[in-house]
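Generate coordinates for the entire structure from the input sequences, incorporating the hints supplied.
So the sequences go chain by chain: A and B.
Per the working numbering, residue 1 is the first one in the first sequence, and the count goes up by one each step.
Per the working numbering, residue 1 is the first one in the second sequence, and the count goes up by one each step.
One copy or two, it doesn't matter: identical chains are merged, so the pair holds either way.
Cross-link-like lysine to aspartate or glutamate pairs, in silico, DMTMM-like; alpha carbons within 20 Å at most:
| no. | residue 1 | residue 2 |
| --- | --- | --- |
| 1 | K25 | D302 |
| 2 | K7 | D96 |
| 3 | K303 | E278 |
| 4 | K47 | E80 |
| 5 | K25 | E311 |
| 6 | K316 | D26 |
| 7 | K37 | D96 |
| 8 | K398 | D313 |
| 9 | K398 | D448 |
| 10 | K143 | D177 |
| 11 | K353 | E436 |
| 12 | K148 | E204 |
| 13 | K216 | E140 |
Calculated from the structure, these hints are not laboratory results.
The lines below spell out each chain.
Number of protein chains: 2
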Amino acid sequence: MDSKKLKEDLARDFNHIWHPATQMKDHETEPPLLIDKGEGVYLIDRKGNRYLDGISSWWVNIFGHNHPRLNAAVTRQLQEIAHVMFAGVTHQPAIDLAEKLVRNTPPNLNRVFFSDNGSTSIEIALKMSAQYWLEVGKPERKKFVHLKGAYHGETLGALSVCGIDLFRTKFQNILIDNIEVPGPDCDRCPYGLVPETCAAECFEPMEQILNENSDKVAGAIVEPLIQGAAGMKMYSSVYLRRLTDTCKVLDIHTIFDEVAVGFGRTGALFVCQEYGFEPTFLCLSKGLTSGYLPLAATMTEDKIYQAFYDEYDTFKLFLHSHSYTANPLACACANETLDMLTEDNFFVYLKEKSNWLKEGGKRLEMLEHCGEYRQIGMIGRVELMENKEKKTPYPFEKRLGYRIYLEGLKRGVLLRPLGNVIYFMPPLIISKSEIEFMTNTAYDCIHDILK
Amino acid sequence: MDSKKLKEDLARDFNHIWHPATQMKDHETEPPLLIDKGEGVYLIDRKGNRYLDGISSWWVNIFGHNHPRLNAAVTRQLQEIAHVMFAGVTHQPAIDLAEKLVRNTPPNLNRVFFSDNGSTSIEIALKMSAQYWLEVGKPERKKFVHLKGAYHGETLGALSVCGIDLFRTKFQNILIDNIEVPGPDCDRCPYGLVPETCAAECFEPMEQILNENSDKVAGAIVEPLIQGAAGMKMYSSVYLRRLTDTCKVLDIHTIFDEVAVGFGRTGALFVCQEYGFEPTFLCLSKGLTSGYLPLAATMTEDKIYQAFYDEYDTFKLFLHSHSYTANPLACACANETLDMLTEDNFFVYLKEKSNWLKEGGKRLEMLEHCGEYRQIGMIGRVELMENKEKKTPYPFEKRLGYRIYLEGLKRGVLLRPLGNVIYFMPPLIISKSEIEFMTNTAYDCIHDILK
Chain A
1 MDSKKLKEDL ARDFNHIWHP ATQMKDHETE PPLLIDKGEG VYLIDRKGNR YLDGISSWWV
61 NIFGHNHPRL NAAVTRQLQE IAHVMFAGVT HQPAIDLAEK LVRNTPPNLN RVFFSDNGST
121 SIEIALKMSA QYWLEVGKPE RKKFVHLKGA YHGETLGALS VCGIDLFRTK FQNILIDNIE
181 VPGPDCDRCP YGLVPETCAA ECFEPMEQIL NENSDKVAGA IVEPLIQGAA GMKMYSSVYL
241 RRLTDTCKVL DIHTIFDEVA VGFGRTGALF VCQEYGFEPT FLCLSKGLTS GYLPLAATMT
301 EDKIYQAFYD EYDTFKLFLH SHSYTANPLA CACANETLDM LTEDNFFVYL KEKSNWLKEG
361 GKRLEMLEHC GEYRQIGMIG RVELMENKEK KTPYPFEKRL GYRIYLEGLK RGVLLRPLGN
421 VIYFMPPLII SKSEIEFMTN TAYDCIHDIL K
Chain B
1 MDSKKLKEDL ARDFNHIWHP ATQMKDHETE PPLLIDKGEG VYLIDRKGNR YLDGISSWWV
61 NIFGHNHPRL NAAVTRQLQE IAHVMFAGVT HQPAIDLAEK LVRNTPPNLN RVFFSDNGST
121 SIEIALKMSA QYWLEVGKPE RKKFVHLKGA YHGETLGALS VCGIDLFRTK FQNILIDNIE
181 VPGPDCDRCP YGLVPETCAA ECFEPMEQIL NENSDKVAGA IVEPLIQGAA GMKMYSSVYL
241 RRLTDTCKVL DIHTIFDEVA VGFGRTGALF VCQEYGFEPT FLCLSKGLTS GYLPLAATMT
301 EDKIYQAFYD EYDTFKLFLH SHSYTANPLA CACANETLDM LTEDNFFVYL KEKSNWLKEG
361 GKRLEMLEHC GEYRQIGMIG RVELMENKEK KTPYPFEKRL GYRIYLEGLK RGVLLRPLGN
421 VIYFMPPLII SKSEIEFMTN TAYDCIHDIL K
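Shown next as structure tokens:
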């Protein structure tokens with residue numbers, strides 16, 4: 001390792017790069033890790049330090065870094081063609097991928113529209129939904145209902161259905177209006193119930209708003225089971241059942257955003273498929289390429305598709321495109337990802353891992369300031385609380401999450417808490433001993449920072 | 001070639017894929033090309049037919065398909081790490097790329113924010129601009145001024161600054177309001193002038209609107225020199241000079257969208273750099289990776305950056321992120337692309353190619369229904385007109401462009417006219433004989449379709 005070069009490279013980064021979701025002034029005292037290499041669940045920096053990637057590089061990585069099968073899939077496709085436009089043209093990787101997605105999602109979803117990232121997959125769902133209502137003669141159906149705490153991306157359309165003030169406040173000026181509804185809050189249930197046995201009593205506000213506004217609502221959008229950016233807030237599938245049932249009665253589109261929870265994270269391939277929901281739209285990205293390349297898909301059903309299907313001169317076509325739509329290299333990665341997820345009893349073994357994670361995660365509850373540990377599949381989380389009995393939150397300004405993040409790095413684990421929520425979302429190929437290392441390190445970091 | 005497999009694959013495409021910017025009913029009679037391979041300027045379909053990629057696969061490809069240096073760059077990076085999150089982390093490909101971009105763009109642009117596609121690069125510029133005005137205490141500066149005929153992407157924020165009805169009409173319901181201004185129209189100049197000698201008299205409406213609204217305008221956005229989706233409409237740099245000068249006086253941000261025209265298309269690396277403009281924001285994508293992988297950059301200057309740079313608890317940070325921000329594989333492609341564009345007198349040789357293209361393109365003017373052939377760098381265009389003297393346009397419904405596209409495919413050239421505008425935008429590595437084949441084929445197709 002050349003420490004002069006490391007210093008120079010970090011200076012070049014500091015001088016020219018604006019990192020996402022980062023107060024750049026923090027880099028004055030805490031420069032970013034300079035990651036040179038990946039290997040399984042580990043990231044390796046310029047100095048040779050190894051960090052267990054506890055959050056799958058922003059929730060994208062499924063099979064670890066530098067996976068031989070994924071590398072081979074990219075290399076193979078590269079020798080044919082890296083990219084070709086996707087209007088008037090198709091290619092084998094996209095055809096195979098569309099079919100695999102249709103085969104592994106609910107029966108109503110038989111149509112795939114590709115794009116580049118989670119935000120665009122949402123924008124496409126919103127635009128398809130709005131245009132659908134226009135084509136069927138109900139242009140007044142143009143509002144989208146979303147939950148408090150929702151995160152669906154940060155392009156302005158996607159941001160208009162986000163329910164987290166932090167992301168919205170500075171852009172309120174340039175956002176269109178949608179309808180926010182209080183959602184589940186299982187950490188502090190206002191009904192005093194627990195998600196394992198409740199009947200989603202918290203669905204009532206949503207039910208009321210949908211009923212009152214059904215003539216102007218195009219669709220309702222949710223992150224099924226887990227609100228990610230809100231702090232991995234988990235809620236019951238009963239809520240989703242009530243939502244899909246109500247929307248069906250009122251003829252409101254349901255948009256399932258499985259960008260974060262899809263591709264095995266919850267212990268099943270997709271939430272909608274596991275529980276038998278049939279959303280009108282399903283948005284996918286992140287894990288789709290196992291964290292290799294940007295790619296997204298918006299899936300929908302015949303009823304929607306047919307409203308756009310007509311002679312050209314009716315101008316009913318759906319006008320939305322990105323140059324790199326269905327990029328063949330990314331599709332090749334996605335095909336390999338879906339093969340690996342659907343063969344060799346993957347989900348049977350994953351169940352075992354999920355149990356190991358639960359054992360490790362549950363230990364955190366022994367700490368004085370850790371609330372209840374909750375887990376769905378391979379996503380586990382705990383909230384740090386000033387007073388555990390009264391569930392008093394720590395003030396945001398203490399930046400506890402950030403301090404635990406820095407402490408974790410010193411000990412070789414990349415955690416990136418969301419505010420006061422410590423969560424685990426490792427690559428699904430993580431081993432038992434790696435799970436133990438990750439959860440034990442989190443335990444030690446929380447203990448030492450809060451002592 | 002297995003014709004049964006071809007038929008099956010096309011059926012699978014038809015059953016499951018929703019292609020972008022496509023009336024899918026057209027596929028009943030004209031199935032898409034099934035492209036298996038690329039080689040230089042050629043796309044090769046399942047039957048072994050070769051098509052000269054006359055529009056660089058939606059304006060992205062710079063060095064042809066299957067380029068050994070680009071393939072090697074991807075393969076090299078793949079062996080290190082395909083992707084890692086970009087918050088709290090950096091990597092060599094992004095550092096190198098940011099520095100190369102800063103070195104090759106106007107001196108004021110020293111800061112790079114990465115994302116995935118042209119639309120997101122625009123969304124980021126709009127959001128940065130709006131938040132800047134908020135942070136400096138002028139929240140009423142929140143509107144963006146764009147030109148009639150402008151295209152800046154199709155996510156809802158980007159679409160809100162588009163000036164093409166075709167793309168907006170169906171989504172008017174869910175778009176925020178911005179300010180549209182009549183722009184240059186050199187094909188039918190209302191002042192009766194020609195772009196080579198005019199003083200951009202058509203800037204007057206823009207000047208007036210900027211002056212009248214300067215207290216509420218955040219920024220003005222343009223596609224420098226060429227409005228792409230509007231039909232490769234070319235206009236004078238004098239317009240841009242007047243725009244940047246006026247915005248400077250009124251303290252209005254300028255957003256240069258060089259997503260389509262950047263990376264050598266106009267005969268220079270970037271329009272802003274060639275003419276010495278210093279836009280507040282520069283948006284790049286498409287050619288950035290030479291058409292291999294989705295990647296984008298929004299560049300800006302210190303004045304903007306500093307308005308966000310402060311202690312964390314001021315919450316001035318710019319909150320916008322995409323999971324695959326600065327994807328290392330895409331950055332590796334981009335680094336190789338910029339190296340190839342800036343070495344070996346690339347632009348000297350390109351000038352010669354540009355002359356060959358002009359020779360070929362000018363021939364089209366000999367056709368009865370072809371208007372004036374115009375060209376900037378390696379982008380050439382001509383409008384088909386029912387009456388050339390009166391410049392009467394053909395009715396849209398005739399789908400002349402589409403018919404010429406289909407005819408071109410039969411003859412081995414992929415043209416994809418924009419309405420009645422036939423244009424050339426080939427990979428920059430195209431040879432003299434390939435240019436001749438492309439322009440001669442266009443000539444023959446137009447001749448035969450319009451006869």
